[in-house]
Amino acid sequence: QQPVQSPQAVILREGEDAVINCSSSKALYSVHWYRQKHGEAPVFLMILLKGGEQKGHDKISASFNEKKQQSSLYLTASQLSYSGTYFCGTSGGSYIPTFGRGTSLIVHP
Amino acid sequence: NAGVTQTPKFQVLKTGQSMTLQCAQDMNHEYMSWYRQDPGMGLRLIHYSVGAGITDQGEVPNGYNVSRSTTEDFPLRLLSAAPSQTSVYFCASSPTDRGYTFGSGTRLTVV
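Chains as they are written, first to last, in the working numbering: chain A, 3 to 111; chain B, 729 to 839.
Hints are computed from structural coordinates only; laboratory data are not their basis.
Mixed in with the good hints there might be a few duds.
Unchecked claim - On the chain A side, residues computed to face chain B include the following (Cβ under 8 angstroms):
1) Pro44
2) Ile49
3) Leu51
4) Phe89
5) Ser93
6) Tyr97
7) Phe101
8) Arg103
Using N, Cα and C, we set each Cβ at its ideal position, and we do this for glycine too.
Isolated chain A, as found in the complex:
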């Protein structure tokens, strides 16, 4: 069953922040985050494993709340290069992710 992402779309100006949420109806073992630009393949951002951790690099970070079966991706001081569709992928007991429908992020100058 696909995880549910919200919002479906976000429009920002450069420098603004955004949060993308991902929730699952089943117990989670891992959460993946990917970004896909139009016409290209998805690119891996980060993976969070069971244990309620938070990860990040540069201005993109994520949290994982296994009790609530939720994860959130935080984009801080957004740049034009952040534009794209963001997918979360969740797995219940393996590293095989099932992906949500995606969140479209558009960053304007």
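Position chain B relative to chain A; hints supplied.
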């Protein structure tokens, strides 16, 4: 180091035809998966493999077969193409607890 290589990049099939989408990785990854991407539907898992000789079904396996005879190769076979199989297909590989590396995709049209 080529990563994940998918061929062909584009394909047009007639209804009822069969074909194989090729996927090869040179990173010695144990896990490989096939996804299809349709507008508004995200990436849906077709089949996956956790090692040579081991495959299993994903969310939308009907009409597709896979095999994994080597660590490197994971072909996807369409048995009898239908217009509903018009999609972009991605192959991806992963070394278990790391993220997936995706191939560049195959755009398939069934007429």
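Taking the hints in turn, this is what the structure says about them:
no. : hint   : in the structure
1   : Pro44  : holds, 5 angstroms
2   : Ile49  : holds, 5 angstroms
3   : Leu51  : holds, 7 angstroms
4   : Phe89  : holds, 6 angstroms
5   : Ser93  : violated, 10 angstroms
6   : Tyr97  : holds, 5 angstroms
7   : Phe101 : holds, 4 angstroms
8   : Arg103 : holds, 4 angstroms
Checked against the numbered hints above, the structure breaks only hint 5 and satisfies the rest.
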